[in-house]
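What follows is each chain in one-letter form.
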Amino acid sequence: MDFRLTEEQELIRKNMREFAEKYVDPIAAEIDENSRHPVELFRQLAEGDWMGIPIPQDYGGAGADYLTHAVAVEELSRSCSSTGFTVSIHVGIACMLINLFGSEDQKKKFLVPMARGQHLGAFVLTEPGAGTDVMAATTAAVADGNDYVINGTKTFTSNGPTGDTYLVFAWTDKAAGRKGMSCFIVSKETPGMKAGEHFDKMGLRSSQTSEMVFKDCRVPKENLLGKEGNGMAMAMTGFDHGRVGIAAQSVGILQAALDESIRYSKERVQFGTPIARHQAISWMIADMATDLSAARYLTYAAAWLKDQKQPFSKEASMAKLFAAEAAMKHTIKAVQIHGGYGYCKGAKVERLMRDAKITEIYEGTSEAQRMVISGNVLR
Amino acid sequence: MPVLVACFKWVVDEAYIRRTSAGELDLSSVSYKISDYDRNALEEAARLKEAAGGSVAAVTVGIPEATKGIKDALSRGADQALFVADASFGDIGASETAVILADVIRSRIGNFDLILCGEGSSDRYDQQVGILLAERLGIPCISFVQRIDLEEGRLSAERRLEEGIERVSAPLPAVVTVLPDINVPRIPGVKDTLSASRKPVVTIGRDELAALPEAHFRTVSLTASRLDRQCERFGADGPEISRFVGALRQKGILR
Amino acid sequence: MAGIWIFAEQARHTLELLQAAQTIVEAGMGGEIAAFSWPGGPAPDELGAGGADEVLMLPPLAGDQPLEAYAPAILKEARQVRPDLLLFAATARGKDLAARIAAGLDAGLCSGCISLRWDKESKTLEMERLLYGGAAVHRIAPLAFPVLAAVPPGTFRAGSGNPGREPRIRHIVSPPASLVTVLERKPRERQGQDLSAAKVVVCAGRGFEKQEDLALARELADTLGGALACTRPLSEEMHWLPEDLCIGLSGIQVKPDVYIGIGVSGQVQHLTGIRGAKVVCAVNRDDQAPIFAAADLGVVGDLYAVLPRLLQALKETASS
Chain A
1 MDFRLTEEQE LIRKNMREFA EKYVDPIAAE IDENSRHPVE LFRQLAEGDW MGIPIPQDYG
61 GAGADYLTHA VAVEELSRSC SSTGFTVSIH VGIACMLINL FGSEDQKKKF LVPMARGQHL
121 GAFVLTEPGA GTDVMAATTA AVADGNDYVI NGTKTFTSNG PTGDTYLVFA WTDKAAGRKG
181 MSCFIVSKET PGMKAGEHFD KMGLRSSQTS EMVFKDCRVP KENLLGKEGN GMAMAMTGFD
241 HGRVGIAAQS VGILQAALDE SIRYSKERVQ FGTPIARHQA ISWMIADMAT DLSAARYLTY
301 AAAWLKDQKQ PFSKEASMAK LFAAEAAMKH TIKAVQIHGG YGYCKGAKVE RLMRDAKITE
361 IYEGTSEAQR MVISGNVLR
Chain B
380 MPVLVACFKW VVDEAYIRRT SAGELDLSSV SYKISDYDRN ALEEAARLKE AAGGSVAAVT
440 VGIPEATKGI KDALSRGADQ ALFVADASFG DIGASETAVI LADVIRSRIG NFDLILCGEG
500 SSDRYDQQVG ILLAERLGIP CISFVQRIDL EEGRLSAERR LEEGIERVSA PLPAVVTVLP
560 DINVPRIPGV KDTLSASRKP VVTIGRDELA ALPEAHFRTV SLTASRLDRQ CERFGADGPE
620 ISRFVGALRQ KGILR
Chain C
635 MAGIWIFAEQ ARHTLELLQA AQTIVEAGMG GEIAAFSWPG GPAPDELGAG GADEVLMLPP
695 LAGDQPLEAY APAILKEARQ VRPDLLLFAA TARGKDLAAR IAAGLDAGLC SGCISLRWDK
755 ESKTLEMERL LYGGAAVHRI APLAFPVLAA VPPGTFRAGS GNPGREPRIR HIVSPPASLV
815 TVLERKPRER QGQDLSAAKV VVCAGRGFEK QEDLALAREL ADTLGGALAC TRPLSEEMHW
875 LPEDLCIGLS GIQVKPDVYI GIGVSGQVQH LTGIRGAKVV CAVNRDDQAP IFAAADLGVV
935 GDLYAVLPRL LQALKETASS
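Protein chains in written order, with my numbering: chain A, 1 to 379; chain B, 380 to 634; chain C, 635 to 954.
If you are wondering where the hints come from, they were derived from the structure by calculation, not from laboratory data.
We put the CB at the ideal spot given by N, CA and C, even for glycine.
Some hints here could point you the wrong way.
What the hints assert, rightly or not - In silico lysine-lysine, DSBU-like type, Cα no more than 30 Å apart, as pairs: (1) A:K188 with A:K108; (2) A:K14 with B:K447; (3) B:K570 with A:K309; (4) A:K14 with B:K630; (5) C:K820 with B:K630.
Stated by the list, open to error - Now the in silico label distances, taken between C-beta atoms and shown as ranges: (6) A:E18 with C:T758: 41 to 49 Å; (7) C:D828 with B:K630: 17 to 25 Å; (8) A:M202 with B:D405: 41 to 49 Å; (9) A:K22 with B:S400: 29 to 37 Å; (10) A:R43 with B:Q629: 54 to 62 Å; (11) B:G625 with A:Y341: 51 to 59 Å; (12) B:L591 with A:Q279: 52 to 60 Å; (13) B:E611 with A:Y341: 26 to 34 Å; (14) B:D586 with A:L5: 30 to 38 Å.
To be verified - Covered stretches of chain B, as calculated for chain A (at least 3 residues, CB under 8 Å): (15) 550-558; (16) 572-585.
All chains should be modelled from the sequences, with the hints used to inform the complete structure.
Put into structure tokens, the structure is as follows:
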């Protein structure tokens, strides 16, 4: 078993780190404070091929493996988890679904500009009444001539206000249950689709999240992704990929929390010595470093399985569950280590703690992950 | 269409050097990097190629494990790499490096136009290799360059010296050593890194060299630099500052 | 023994190297000391007063020739005379010339040489330099002579000299024209006080939040009768002060009576520039800042609180 990254992966990690230090670190606090999507930053990410790492070069991507994408998301999230997340969901769900299930025409038309980073993708599934209970959705698509007409309301759509290409899930045959939902590719300008106001969130504030309202939204038949009724299956595949990304994002948050905690505890002197020498603190840091390592290996193993074309649902779910809970637990500890300073704006750990919470909620709550894992293990 | 050569060194990243509790150097957890100013040389070569066409060969002398460095260099715009590799090349000196580089460049890239080197490596900072290389090849050298303009058969360059800027001209082929001011090295994109592995690398062993260079110095010792002052500490409040001023006076510093 | 040669563009650097050479000669290496002069270079009588037995007089160069064009002439002379040691002041040109001569003689060149010692018993010359950005000290000895060293200006102190001492003068033949020609020279105006001569240096570091706040450091420098300097980021990145006020491995090395670093963390590359200071003081709010390990007196506190108090205390001391 070779646990090492390849030389290419190590170089790519180093380059992502250098990029993040140069372009992301200087603006991370401001885009969080102002809840701003940094358009110029995403242009720079596009130039470096960071917006489509695992997508084949023929379709605008870099043609690397999924583990490389996970490493990039981790390094980016270490500087700003909103940015890391936006890349993760854009690549891991939106691009990947079109890559796996799209027709040649759809790939050329939609995937190429997305993988190049010219267009931003969005995954539109959750509804006000349908979170973990996906089947409780009500948005429907009715065939009409050469189109489908979509009506309904979606919510918590990441990249809602800023997206270009939306993967929208709607019932085409409610009676067919799990085989009754379909997925449609809807472009930004399509009449009848409107993004709501960006939500004012506790954390991940630079990522733009909103409702999406569909009112007689006409979508050509060519925009059906895959087959009618395949929506749920595709969504589940999307989650498998996306969860590896969220796990990687959580690993990035954990690494940042550890970096900050080590630095601060060596500088802060109480009772005549740096607090790093006090066992209470050093043990917190030991636990943080251990969980970081575990989260990282779980994440890389899940990505590796995908690259080996092996089933990886369970592993992706485990990685996401573990890494997210570890990120939340240890960012709280990181603030604790920083004391009063950690509670104030300006301290990076303040933002890390607010950012960590959502990782336990989106792309399947920790409770949903436990359902997936137990369902898998208890079969 | 100039034939360009960029020389680089794969060095210890000094940011990762630690000290043992005994105060000795601890290199156990160091990682490696392309020496900072060599990055500028590679970048300048890539830019010159992008402007005028031609090709860039990246050349390095090092230990066989430095394959990551080769890929790094190839991801920065070079078209091919020459890797002179041997376990004994880990800490050779500047003059030995120059002898080997001259041998390999002369024999493998005979018709080059310009060789670019960093003005000094970040580990030893001898600032010699580029100039020694030019002397061995019998071609002009322009050192401490912050700007290069390539013309037909000639180059003009701006040198930054203590007294100011000196703009000079020289016929090609020539060697330049570049300052970090000359450019901001790119951050390679993902595709740049992936394509690096597909570019040709010629590996040259010690036994294929025409002449084996000899060292000019022997090492007497290599120790961590000593910071041997006993720091007397003062607080920041009024009385402590007065005490500090008293200490300054005691040491004869105040007029 | 065939002696020591010295080359420096500035007279005061030549005087420093003459002093160093005398120490080595007296320690047992023996031999005579010769120093280079040329039109516009260090004056022969100054070199003689500084301890040169002989002045090697280079002829004038054509207007379009850089100083490095002297290399073949120096080399030809060196091949004939075979001096044991050639010392160059490590200015940009000095380093360039030294490398050319070393190549021509197939001799070793110790760059950034901060220490020279003749060991009488083993009859070895020991030279020291810094590696890894200043983290390590490398002590080396040449395996053969001649050997060259490029010495950073300010490493050695110039001696008091022997005014009126007249050296022999030997004229060196003209070198062939260099293929590298000078198109234009743009001299730089000296923007700051000459740091290498300052007895008191106040150095500003990253602890300063705004350029305007440097006024506090400047006031301290003025009060102590010293010069203001800075660490690399303040000149290279933020452009708050010109580069010739930047202290460090690739900047200036200073040897003042006292150095006070304000808001300077003490990165190894910077510390290399202040090793020679008699007394090192530091003000930093980070108790663990590396500079305290390299300081004699350290004030742990926020510079914005400490400086006004320090200035006040100095004022009171002066008036009392």
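Evaluated hints:
Distance check on the hinted pair: A:K188 and A:K108 sit about 17 Å apart at the alpha-carbon level, within 30 Å; holds. Simply put, A:K14 and B:K447 have alpha-carbon atoms about 12 Å apart, close enough for the 30 Å limit, and the pair holds. For a cut-off of 30 Å, the pair hint linking B:K570 to A:K309 stands: about 22 Å separates their Cα positions. At most 30 Å may separate the alpha-carbon atoms for a hinted pair to count; A:K14 and B:K630 exceed this at roughly 48 Å.
Only pairs whose Cα atoms come within 30 Å are accepted, and C:K820 paired with B:K630 is rejected, the gap being roughly 43 Å. For the hinted restraint 41 to 49 Å between A:E18 and C:T758, the CB-CB distance of approximately 44 Å keeps it satisfied. Range check, C:D828 to B:K630: Cβ separation about 24 Å, and the 17 to 25 Å hint holds. The given range of 41 to 49 Å is respected by A:M202 and B:D405, whose C-beta atoms sit roughly 43 Å from each other.
The beta-carbon spacing between A:K22 and B:S400, approximately 35 Å, falls within the hinted interval of 29 to 37 Å. Look at A:R43 against B:Q629: about 60 Å separates their beta carbons, and that is inside 54 to 62 Å. A C-beta distance of roughly 33 Å is found between B:G625 and A:Y341, which places it outside the suggested range of 51 to 59 Å. For the pair B:L591 and A:Q279, the beta carbons lie near 56 Å from each other, so the given range of 52 to 60 Å is met.
In this structure the hint that B:E611 and A:Y341 lie 26 to 34 Å apart at CB holds, the actual value being about 29 Å. Here the CB-CB span from B:D586 to A:L5 is close to 33 Å, well matched to the stated 30 to 38 Å. Chain A is given as covering the segment 550-558 of chain B, and this is violated because 0 residues of the stretch bring a CB closer than 8 Å to a CB of that chain, at least three being needed. Coverage of the segment 572-585 of chain B by chain A holds in this model, with 4 residues showing a Cβ closer than 8 Å to a Cβ of that chain against a need of three.
Hint check: violations occur at hints 4, 5, 11 and 15; the rest are consistent with the structure.
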